Amino acid sequence: MTWVTAVARLRARREPGVLVTVATVRGHAPRDAGAKLVVGRTGTWGSIGGGNVEAVAIDRAREMIDAAKAEPELIDFALNDKVTNRHGVQCCGGTVSVLLEPLPVVRAVAIFGVGHVGLELARILARQDLDLHLIDSRSDILTEERLAVLADAVSQVHVHHTPLLPEEVLEELPPGTHVLIMTHDHAEDAALCDAALRTPGLGSVGLIGSAAKWVRFRRRLLTEGGHDEAAVDRIKTPIGLADVTGKEPATIAVSVAADLLRTFEAEGGH
1 MTWVTAVARL RARREPGVLV TVATVRGHAP RDAGAKLVVG RTGTWGSIGG GNVEAVAIDR
61 AREMIDAAKA EPELIDFALN DKVTNRHGVQ CCGGTVSVLL EPLPVVRAVA IFGVGHVGLE
121 LARILARQDL DLHLIDSRSD ILTEERLAVL ADAVSQVHVH HTPLLPEEVL EELPPGTHVL
181 IMTHDHAEDA ALCDAALRTP GLGSVGLIGS AAKWVRFRRR LLTEGGHDEA AVDRIKTPIG
241 LADVTGKEPA TIAVSVAADL LRTFEAEGGH
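Here the sequence shown stands for residues 1 to 270, numbered as in UniProt numbering.
Simulated from the structure, these hints should not be mistaken for lab results. Note that the structure is a prediction, hence the values are computed from the model and not measured. The reader is advised that the hints may include incorrect statements.
Okay, the calculated beta carbon distance ranges per label pair [claimed, not checked]:
no.: 1; residue 1: Ile75; residue 2: Glu229; range: 46 to 54 Å
no.: 2; residue 1: Leu165; residue 2: Ala23; range: 48 to 56 Å
no.: 3; residue 1: Ala8; residue 2: Thr245; range: 17 to 25 Å
no.: 4; residue 1: Glu101; residue 2: Arg198; range: 34 to 42 Å
no.: 5; residue 1: Asp66; residue 2: Ala23; range: 31 to 39 Å
no.: 6; residue 1: Gly27; residue 2: Val154; range: 34 to 42 Å
no.: 7; residue 1: Ala230; residue 2: Arg138; range: 32 to 40 Å
no.: 8; residue 1: Ser47; residue 2: His161; range: 42 to 50 Å
no.: 9; residue 1: Ser47; residue 2: Gly27; range: 13 to 21 Å
no.: 10; residue 1: Arg219; residue 2: Asp66; range: 21 to 29 Å
no.: 11; residue 1: Glu224; residue 2: Asp152; range: 25 to 33 Å
no.: 12; residue 1: Ile124; residue 2: Glu145; range: 14 to 22 Å
no.: 13; residue 1: Arg219; residue 2: Asp59; range: 51 to 59 Å
no.: 14; residue 1: Pro72; residue 2: Thr2; range: 42 to 50 Å
Straight-line C-alpha distance at most 30 Å; calculated DSSO-like pairs for lysine-lysine [stated by the list, open to error]:
no.: 15; residue 1: Lys36; residue 2: Lys69
no.: 16; residue 1: Lys236; residue 2: Lys213
no.: 17; residue 1: Lys247; residue 2: Lys213
no.: 18; residue 1: Lys236; residue 2: Lys247
All C-beta atoms in this analysis are idealised placements derived from N, C-alpha and C, irrespective of residue type, glycine included.
Modelling step: build the complete structure from the supplied sequences, incorporating the hints.
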């Protein structure tokens, strides 16, 4: 398996890892600069030459994974028999620098409702390195032609057409997914709010709409839904930055995206 495939597999499995690269070589060494090794919690793919260098790199990579460390590290090795090593002697005679780059689990965002605001928001979030889920009950909203504006996305875009029960997608989302509810139908929004509160492991939950809309929703969630106040208060509404008051779809989308990125920053890490 190539290192590129290994990185893609970790991402698909939503598992953290570390990409280890031989950055520089002086003199003799087991592998040339550019050799790569991918380290996961339990497996490794590729090689930077074996021996002490590789073993130490793997040990440190797994320490970085356990600590959720986001910053890369550079480790220098002298390959001679005068150096005390943790995993045996390597006496090739050269020196090696090894770069360890964390591969964190990417964030995931789900937009329920890809109307005017939803599509503008998708265009912005698609420029971020994340898993972006687009869900709508209307097939004409999710046509290839309409979503062609996302063709150059940095994110991994997943499209879900759910004509009957869009809330069922909630159970399919990766753990920690941030949910934004902005469908064309208030009844659909209400069902999604109720289902989101019943779905364990989600990230933040945001609802677009007015204060009057939220008063009605909140009452129903507390009474008919049977949720307690602490649970209902998990839903953030209105979404977006309070001091951005424009009502154009693109303006609202910028505001919501900025607010979500601020949430990411508050979480820390990646």
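Verification of the supplied hints:
no., hint, in the structure
1, Ile75 <-> Glu229: 46 to 54 Å, "51 Å, holds"
2, Leu165 <-> Ala23: 48 to 56 Å, "51 Å, holds"
3, Ala8 <-> Thr245: 17 to 25 Å, "42 Å, violated"
4, Glu101 <-> Arg198: 34 to 42 Å, "38 Å, holds"
5, Asp66 <-> Ala23: 31 to 39 Å, "23 Å, violated"
6, Gly27 <-> Val154: 34 to 42 Å, "40 Å, holds"
7, Ala230 <-> Arg138: 32 to 40 Å, "34 Å, holds"
8, Ser47 <-> His161: 42 to 50 Å, "44 Å, holds"
9, Ser47 <-> Gly27: 13 to 21 Å, "19 Å, holds"
10, Arg219 <-> Asp66: 21 to 29 Å, "45 Å, violated"
11, Glu224 <-> Asp152: 25 to 33 Å, "44 Å, violated"
12, Ile124 <-> Glu145: 14 to 22 Å, "20 Å, holds"
13, Arg219 <-> Asp59: 51 to 59 Å, "55 Å, holds"
14, Pro72 <-> Thr2: 42 to 50 Å, "21 Å, violated"
15, Lys36 <-> Lys69, "20 Å, holds"
16, Lys236 <-> Lys213, "13 Å, holds"
17, Lys247 <-> Lys213, "17 Å, holds"
18, Lys236 <-> Lys247, "19 Å, holds"
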